Amino acid sequence: MKRFILFAFLLFAMLANTQSIHSYKVNDINGKEFDFATLKGKKIMIVNTASECGLTPQYSDLEKLYQKYKDHNFVIIAFPSNDFLNQEPGSDAEIATFCQKNYGVTFHIMSKIHVKGDQRHPIYDFLTQKEKNGIANSDVKWNFHKFLVDENGKYVKNLSPKTKPFDDEIIQWIERK
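Residue 74 is where the sequence shown starts when you use our numbering, and the numbers rise one by one after that.
Don't take every hint at face value.
[Stated by the list, open to error] If you anchor each label on the Cβ, the simulated ranges turn out as follows:
| hint | residue 1 | residue 2 | range |
| --- | --- | --- | --- |
| 1 | E204 | T170 | 35 to 43 angstroms |
| 2 | G163 | K250 | 18 to 26 angstroms |
| 3 | K250 | N175 | 18 to 26 angstroms |
| 4 | D144 | D223 | 30 to 38 angstroms |
| 5 | G190 | K141 | 19 to 27 angstroms |
| 6 | E224 | P162 | 19 to 27 angstroms |
| 7 | A209 | S96 | 27 to 35 angstroms |
| 8 | A110 | E204 | 20 to 28 angstroms |
| 9 | G104 | K250 | 13 to 21 angstroms |
[Unchecked claim] Mimicking DSBU-like on lysine-lysine, the simulated pairs with C-alpha atoms at most 35 angstroms apart in a straight line are:
| hint | residue 1 | residue 2 |
| --- | --- | --- |
| 10 | K203 | K189 |
| 11 | K98 | K214 |
| 12 | K235 | K141 |
| 13 | K141 | K115 |
| 14 | K115 | K235 |
| 15 | K250 | K214 |
| 16 | K143 | K116 |
| 17 | K105 | K116 |
| 18 | K105 | K115 |
| 19 | K141 | K174 |
| 20 | K250 | K205 |
These aren't lab readings, by the way, just hints derived from the structure by calculation. Quantities reported herein were computed from a predicted structural model and do not represent experimental measurements. In this text, a Cβ means the ideal position worked out from N, Cα and C, and glycines have one as well.
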């Protein structure tokens, strides 16, 4: 019985310490503050992106996915990053132009950040550290690594950069009530 009580206490303490993504604010690609609290009640896919990567064409399917499910409480948030082989060298303005001109992106694009290393943005601390998200430690493996966050701002899981936007696992997660 004592072990059960200790286990329950430790589990409660761990869960009480986890955060919600809704407590974060970032700058969007135009330099305006974006408050994740505005996304309460929506499922969120967060993707680190790059304009000069072999996976860059995923922007097209990400946009199609967003268009298909945006009216179903689903959003995509892109975080451009130059952390992998300098494949996102452009300024925020250049990135915005590239995404609009080449892929017609209408989902949220944030200001370029670091997604790994000592300068990693705090939102990626949440996404990659179990002590903050309550579920798992993970590393951002490459550009277009995907993180799923539920309607309550809680971390669900992360998906490989090679996981395509219309992967069955993603679609089932979006459509699950």
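_Restraint status (C-alpha distance of K98 to K214 at most 35 angstroms)_ = 24 angstroms, holds
_Pairwise hint evaluation, K174 against K141, where the allowed Cα distance is 35 angstroms at most_ = 20 angstroms, holds
*Taken at face value, is the distance from the CA of K115 to the CA of K141 at most 35 angstroms?*
Holds: K141 and K115 sit about 15 angstroms apart, inside 35 angstroms.
*Taking only the CA atoms, is the gap from K250 to K214 under or equal to 35 angstroms?*
29 angstroms, holds
_Next pair to validate is K105 with K116; report whether the Cα-Cα distance is within 35 angstroms._
Given that 35 angstroms is the threshold and the Cα spacing comes to 22 angstroms, the pair holds.
*asked:* For a C-alpha distance cap of 35 angstroms, please report whether K250 and K205 respect it.
replied: 25 angstroms, holds
*K105 paired with K115 [C-alpha distance capped at 35 angstroms]*: 21 angstroms, holds
*Between K143 and K116, is the straight-line Cα distance small enough, at 35 angstroms or below?*
Distance of about 10 angstroms is within 35 angstroms: holds.
*For A209 and S96, compare the CB-CB distance with the range 27 to 35 angstroms and indicate the outcome.*
Given a distance of about 19 angstroms, which is not inside 27 to 35 angstroms, the answer is violated.
*Verdict for D144, D223 (Cβ pair) under range 30 to 38 angstroms*: 18 angstroms, violated
*Is it true that the CA of K115 sits at most 35 angstroms from the CA of K235?*
Holds, because 24 angstroms separates the two Cα atoms, which is no more than 35 angstroms.
*asked:* For the hint 13 to 21 angstroms, verify it against the beta carbon of G104 and that of K250.
replied: With a Cβ separation near 37 angstroms, G104 and K250 fall outside 13 to 21 angstroms, so the hint is violated.
Checked against the numbered hints above, the structure breaks hints 2, 3, 4, 5, 6, 7 and 9 and satisfies the rest.
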